[in-house]
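Enquirer: Here is how the chains run, residue by residue.
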Amino acid sequence: MSKLRPNGVVAILTDFGTVDHFVGVVKGKILQELKAGQMPLFIDITHEIPPQNIVAGALKLKFSYKYFPKGTIFLAIVDPGVGSQRRAIVVETEDYFFVGPDNGLFSLVLMETKPRVVYEILTEIVLKPPYSATFHGRDLFAPAVALLLCGVPLSEWAKIIDSNELVSLDIYEPEPISGGYRLQIIDIDRFGNLITNLSQELLGERKAKVVINGQEIRIVRTYSDAERGEVVALFSSEGLLEIAVREGSAKEFFGQKLPEIFVFINS
Amino acid sequence: MSKLRPNGVVAILTDFGTVDHFVGVVKGKILQELKAGQMPLFIDITHEIPPQNIVAGALKLKFSYKYFPKGTIFLAIVDPGVGSQRRAIVVETEDYFFVGPDNGLFSLVLMETKPRVVYEILTEIVLKPPYSATFHGRDLFAPAVALLLCGVPLSEWAKIIDSNELVSLDIYEPEPISGGYRLQIIDIDRFGNLITNLSQELLGERKAKVVINGQEIRIVRTYSDAERGEVVALFSSEGLLEIAVREGSAKEFFGQKLPEIFVFINS
Amino acid sequence: MSKLRPNGVVAILTDFGTVDHFVGVVKGKILQELKAGQMPLFIDITHEIPPQNIVAGALKLKFSYKYFPKGTIFLAIVDPGVGSQRRAIVVETEDYFFVGPDNGLFSLVLMETKPRVVYEILTEIVLKPPYSATFHGRDLFAPAVALLLCGVPLSEWAKIIDSNELVSLDIYEPEPISGGYRLQIIDIDRFGNLITNLSQELLGERKAKVVINGQEIRIVRTYSDAERGEVVALFSSEGLLEIAVREGSAKEFFGQKLPEIFVFINS
Numbered sequence: 001m002s003k004l005r006p007n008g009v010v011a012i013l014t015d016f017g018t019v020d021h022f023v024g025v026v027k028g029k030i031l032q033e034l035k036a037g038q039m040p041l042f043i044d045i046t047h048e049i050p051p052q053n054i055v056a057g058a059l060k061l062k063f064s065y066k067y068f069p070k071g072t073i074f075l076a077i078v079d080p081g082v083g084s085q086r087r088a089i090v091v092e093t094e095d096y097f098f099v100g101p102d103n104g105l106f107s108l109v110l111m112e113t114k115p116r117v118v119y120e121i122l123t124e125i126v127l128k129p130p131y132s133a134t135f136h137g138r139d140l141f142a143p144a145v146a147l148l149l150c151g152v153p154l155s156e157w158a159k160i161i162d163s164n165e166l167v168s169l170d171i172y173e174p175e176p177i178s179g180g181y182r183l184q185i186i187d188i189d190r191f192g193n194l195i196t197n198l199s200q201e202l203l204g205e206r207k208a209k210v211v212i213n214g215q216e217i218r219i220v221r222t223y224s225d226a227e228r229g230e231v232v233a234l235f236s237s238e239g240l241l242e243i244a245v246r247e248g249s250a251k252e253f254f255g256q257k258l259p260e261i262f263v264f265i266n267s
Numbered sequence: 001m002s003k004l005r006p007n008g009v010v011a012i013l014t015d016f017g018t019v020d021h022f023v024g025v026v027k028g029k030i031l032q033e034l035k036a037g038q039m040p041l042f043i044d045i046t047h048e049i050p051p052q053n054i055v056a057g058a059l060k061l062k063f064s065y066k067y068f069p070k071g072t073i074f075l076a077i078v079d080p081g082v083g084s085q086r087r088a089i090v091v092e093t094e095d096y097f098f099v100g101p102d103n104g105l106f107s108l109v110l111m112e113t114k115p116r117v118v119y120e121i122l123t124e125i126v127l128k129p130p131y132s133a134t135f136h137g138r139d140l141f142a143p144a145v146a147l148l149l150c151g152v153p154l155s156e157w158a159k160i161i162d163s164n165e166l167v168s169l170d171i172y173e174p175e176p177i178s179g180g181y182r183l184q185i186i187d188i189d190r191f192g193n194l195i196t197n198l199s200q201e202l203l204g205e206r207k208a209k210v211v212i213n214g215q216e217i218r219i220v221r222t223y224s225d226a227e228r229g230e231v232v233a234l235f236s237s238e239g240l241l242e243i244a245v246r247e248g249s250a251k252e253f254f255g256q257k258l259p260e261i262f263v264f265i266n267s
Numbered sequence: 001m002s003k004l005r006p007n008g009v010v011a012i013l014t015d016f017g018t019v020d021h022f023v024g025v026v027k028g029k030i031l032q033e034l035k036a037g038q039m040p041l042f043i044d045i046t047h048e049i050p051p052q053n054i055v056a057g058a059l060k061l062k063f064s065y066k067y068f069p070k071g072t073i074f075l076a077i078v079d080p081g082v083g084s085q086r087r088a089i090v091v092e093t094e095d096y097f098f099v100g101p102d103n104g105l106f107s108l109v110l111m112e113t114k115p116r117v118v119y120e121i122l123t124e125i126v127l128k129p130p131y132s133a134t135f136h137g138r139d140l141f142a143p144a145v146a147l148l149l150c151g152v153p154l155s156e157w158a159k160i161i162d163s164n165e166l167v168s169l170d171i172y173e174p175e176p177i178s179g180g181y182r183l184q185i186i187d188i189d190r191f192g193n194l195i196t197n198l199s200q201e202l203l204g205e206r207k208a209k210v211v212i213n214g215q216e217i218r219i220v221r222t223y224s225d226a227e228r229g230e231v232v233a234l235f236s237s238e239g240l241l242e243i244a245v246r247e248g249s250a251k252e253f254f255g256q257k258l259p260e261i262f263v264f265i266n267s
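Residue numbers (my numbering), protein chains in the order written: chain A, 1 to 267; chain B, 1 to 267; chain C, 1 to 267.
Hints should not be assumed to be uniformly reliable.
Same chains, same label: a pair holds when it works inside one copy or across any pair of copies.
[What the hints assert, rightly or not] List of simulated lysine to any residue pairs, SDA-like, C-alpha gap at most 25 Å:
hint : residue 1 : residue 2
1    : K209      : V167
2    : K66       : E124
3    : K114      : D162
4    : K114      : F264
5    : K66       : R5
6    : K70       : G37
7    : K62       : E48
8    : K257      : P51
9    : K62       : E92
10   : K70       : P130
11   : K251      : Q200
12   : K209      : S178
13   : K251      : E165
14   : K3        : L34
15   : K62       : L34
Just so you know, the hints here were simulated from the structure itself, not pulled from any lab data.
Chain A extracted, bound-state conformation (with noise of 0.2 Å):
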């Protein structure tokens, strides 16, 4: 089993917001902590988590890591338990590493991708006086990933956990009931569109029909297959049935309350 190296790309994902200085600041840290002339790159996948929406953080994070390069280090902060004793984590897979609180937030992706080794980062070696209590993404998740690219063995700074302790959240597969399947809407993303939590790995080659508030829509392959305006369901890039509106969206189409959606199988 070869050692994974960090390759210099870091990719933050927070529920900071862009508004304040919180994710400049965290940056800088990390620099300030590297040896003279080490260059990380700062990928950003999103700031905007719904404050303190774990759920959506890990979704957002399931979605997006398989498509970063080896050694990539991903740095996640979503912590409505920030100073408490939550532990404050890494997690090493075959392909990366994941450095954040321990709530949750890599639970989806580590159904996915085995944790080879957990590690629970030491707080009294990282956490460097004066800390603030409310801001440990600039006081001990910027500095771990420092430690992280400047090479610095683990085992100096973290203890090794099993994984099987991690918190993990409760998945939302489709709801089975009389010939099919009620969805839920797990996201909604920029476009409009609805994406519920029916993979097309569930559905297989079985052939179904998506009725929504009671009224059957066409699945199609991608958007430009549906007419202006006519209400349809595909496949989302990630895999999942979403409920598009072609050059519209879906959200203000449905307005306030969520449509119920529904999966039946042919047969």
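Once you have looked at the hints, place chains B and C on chain A.
Expert: Quick look at chains B and C alone, frame taken from chain A:
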């Protein structure tokens, strides 16, 4: 004719927004396809082009490209036709590469700087399964940018096409009327300035007066030449006539109903 | 006194927003003026300073700069006086360079870290025609940053001025009242926390109680010490007293009318 080489800078303009993971994933995918150690410099132009608004994207790109160094790759994705038969292209000009859909997004730029060679990306080569029918930014354009950055000859993954066949947008020139022009508002910026389609070039040395909703306003050189709260006209940093309110927002001043703007040439 | 050299990091704070192309163009312009192969690392602190709000910009900069490595160039542009006679400056401190307009934007930083040398940028040298009277970010400050990065001596494009002549902002110290202080809210962050002007330093070891709209609230160490929905006071990551609601937003809790906040010293 010396060969244009990428300089490592990738400037990105999309309608993806920053709430989702889309932009981060596109960058991740580019990195994933590069050789170990290759580190491009990503510059975000904007990701807040209104969804599927090709004209807005084309304008912002036209306002931006010439300030980047020679060899920059522009990756521009506003792509309502994703998954349809619309072509994916690479346009090489004297100084730059442009990568994106052939839907007019580059046409305003190409009125100013002639294409040297135009290529259609061979999707059967670049689009590797499994791929999504709705996210060509990740599955088609990102790999194309990586191929450019790696120096893989375009002849291996694209074919030359006729630049006269590119989709182009209608240009919005000011409408000539008796004694002057009726202007159109083509953009509203963050500060609420209303950007019109009258260029300093078109006006030339001629003296003019600006009439907005029936009232003449002053033409000033810069915001600080206006009184606080005064509505004035001035030439924007892109050389277009704009309507501004000193220490205020012209957009808020005029509210929902955009004003009628005329320019009369003094004779 | 050893000479301070740029480390290649350019941290940028503006009121430009991210909807337009302005920030991308400033970065492009810096790159365009560098030597081939020179690759700075751009860090966005924030671009969402409310338009022309110099105080907000000065605060966010003060909250951020000290977490960046020695040699960082801070480019800060909140510039209502663009095109007027306001000076364009470079401030060199022990550890950093600051580039931007002389309108008080740097004054809160310079209360903490003394300027070593202050320069006025010679616009007749740095501002190259054709230039815009309204976009000095692109036409003046970006070239100045590039000159710094290229190591061109400041004596060639700037002149030393007296640091006592710099424009400075009024400082918002808490107003002393009988038995304590009346606080002011100086910032509201993404999470709806209300940041006041009472620093932990000013309070020192003294015990205090916080009264908000006539009701005493608890001072806690971290968000997770509060009950869900409880209004509490705690010291922010910048060492200022803030009002927070656990798993909620103090901003939403108090609505339109900002609360009155007093601190009384226990004697």
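Enquirer: Confirm or reject each hint.
Expert: Checked hints:
1. K209 to V167: neither (36 Å within a copy, 37 Å between copies)
2. K66 to E124: The answer is between: 23 Å across copies meets 25 Å, while 33 Å in one copy does not.
3. K114 to D162: within (13 Å within a copy, 50 Å between copies)
4. K114 to F264: neither (33 Å within a copy, 54 Å between copies)
5. K66 to R5: Classified as within; 17 Å inside a copy, 30 Å across copies.
6. K70 to G37: Result: close both inside a copy and across copies, 22 Å intra and 11 Å inter.
7. K62 to E48: The answer is both: 16 Å in one copy and 24 Å across copies each meet 25 Å.
8. K257 to P51: both (22 Å within a copy, 23 Å between copies)
9. K62 to E92: Intra 15 Å, inter 36 Å, cutoff 25 Å: intra-copy only.
10. K70 to P130: Between copies, since 19 Å is at most 25 Å while 35 Å is not.
11. K251 to Q200: within (22 Å within a copy, 42 Å between copies)
12. K209 to S178: within (14 Å within a copy, 60 Å between copies)
13. K251 to E165: neither (38 Å within a copy, 37 Å between copies)
14. K3 to L34: both (21 Å within a copy, 21 Å between copies)
15. K62 to L34: The answer is between: 22 Å across copies meets 25 Å, while 28 Å in one copy does not.
Consistency with the previously given hints fails for numbers 1, 4 and 13, ordered from lowest to highest.
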